[in-house]
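**Student:** Sequence:
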Amino acid sequence: MSLVQVLGSLAATLAAYGAYRGIKLLYGEYKSPLRDLPGPRSASLIYGNLGEIWEAENSVLHEKWVKEYGPTIQYTGFFGMRRLYTMDTKGLNHILMNTDIYQKPEITRYNMARILGAGVLVVEGDKHKYQRKVMNPAFGPSQVRELTEIFVAKSIEVCPRFELSVALLISLIEKLRDIWAAENAREGGTSQIDALSWLSRATLDIIGLAGFNYHFDALSGDPEKNELNEAFATMFKAGTKMSKTEQDEKLGPARKTMSRIGNELLRESKASIQEKSAWKTRDLLSLLVKSNMATDVPEQQRMSEEDVLAQVPTFLIAGHETTSTATTWALYALTQDKNVQDKLRKELLAVETDNPTMDELNALPYLDMVVRETMRIHAPVPMTLRHAVKDDVLPLNKSFTDRKGAVHDRVRPERWENVPELAAGIPGVWGNMLTFLGGPRACIGYRFSIVE
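Going by this note's numbering, the sequence shown opens with residue 1, and the numbers climb by one from there.
Treat the hints as calculated values from the structure; they're not laboratory data. Quick reminder that beta carbons are idealized off the backbone N, C-alpha and C, glycines included. Don't take every hint at face value.
Listed next, with one range per pair, are the computed distances between beta-carbon atoms [unchecked claim]:
#1 L14 with I107: 16 to 24 Å
#2 P33 with A350: 30 to 38 Å
#3 T190 with R345: 17 to 25 Å
Could you put together the complete structure from these sequences and hints?
**Tutor:** Now the structure itself:
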C-alpha cells in the first residue's frame, strides 16, 4: 500500500469518526429532555446564548431569564448544545451532593490540569476523596486560627519608594493603610489608588507565607520579578491560548520552574516536620505533608509527591486573586453607602487591639454582615459548570415567587440580622449562599478566605 493510500485511508477514517460524533451529538440534542424546558431562543448557530452571557454583567442575564421563564430553564451553548440552569435549592443540593454523577466537564478538567496539575480543584471520584481527606486537617478551624498571624504578616513593610520602616508579623491592614496614606500624601492629600493592584500584591504575599512558607515580597518590590510568580502567571496566560503548540512553548519552561521550586518547598516542609519546628510547620503545605504522613491514613490513600506538588498552584489560584477581588469589591460597596461605612468603622474602632485574633474578628457582628453581603453580591467566582456523566432525574421543589418578587441586588448588611427560614434550604457550606458551593466539592479553604 502506497503512502498516498495510507493517508487517504486515515483521512477517510477520521472523517467517518467525525461524522459519527457529529450525528451522535445532534441526535442526543434532538432527544434531550431539556428541549421541553422553557428558555431563551439561541442567538447564534455557533455560540448559542454564550455570547450574550459573556457580554452581560454577572448574573444579570440569568436573572432576566428566570424572571421571564421561571427558576429552572434551558439555554444553548456551542453548536446548539443545551444546558440546564436552575435556581431551585432542592435541585442544586442534589447536583452538589451527588459528585459521582455531576462532575466538571472533561474539557474543563483538561484545561485546568494543564495549568494546575492534578490538584484538588481538578480531580474527580476516589482521587478527589483521598486528596480531600488528607487536606481537610490543614484547613480546620484551629489551623486557620493559627494562620491568622500570617494574615497580618508583612506588617508595616511598605514599598521602598515610600521610605518607611520594614517589619514582619503586624497588621496587613496597617501595611496597606500606610502605603495608601503615603501615596495620598505624595499627591497633596487627594489621589486615585489602584486598590486591586495593591490588594493582589498583599494576598500574593499572604498565600506565599501561609500556603508554603515562601516569600514573594510583592508589597516590597515588583512581583513580576519573582520567578515563581512569573512562572505561574505564564502558565495561567498560556492556558487561555488557542494554539496547542504555543501553549507547549510557554508551559514547558514555566512547569520546570514550578517543579523545581515546588520540590524545594516540599523538601523544606519535610525537614521542618522532622525537626519539629513549630513555627516553620504552620504553613498549609507543611500541614498537608504532616497530614499525609499521619498513621491513620492508609498507604493506598496517601497522596504521591506529584499530587502534593499539584496543590502549590492550586493554593496560588484559590488564595490569591479571588480574595483580592472580593476585598476590592468590599471597599467599593462601602464607598456606595456612607451609613454602612460609618457603622462598620465605629465597630472596628471599638476593638482594643490593632492586631485582632480570628476569634476577636468573629465577635464583630456588623463586620460579619458586611462580609456576607459582599460575598453574596460580588462572588469572586460567579459560576460553575457540572456535566451529568450518566442519566439522572433531578428533583425540584415546587416553584415559588418571593413575596415581593424582588431581586436583592442592593448591598444591605442588615438583611443578615434576621435570615429567612427559607434560606436554610440553600445548600452552601457557608452563610446560606453558594459563594463557596456546597457538598463534597465545597471550597476547602473557605475559612481561610473569610478570615483573610
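**Student:** Among all the numbered hints in the text so far, which are the ones the structure does not match?
**Tutor:** 2
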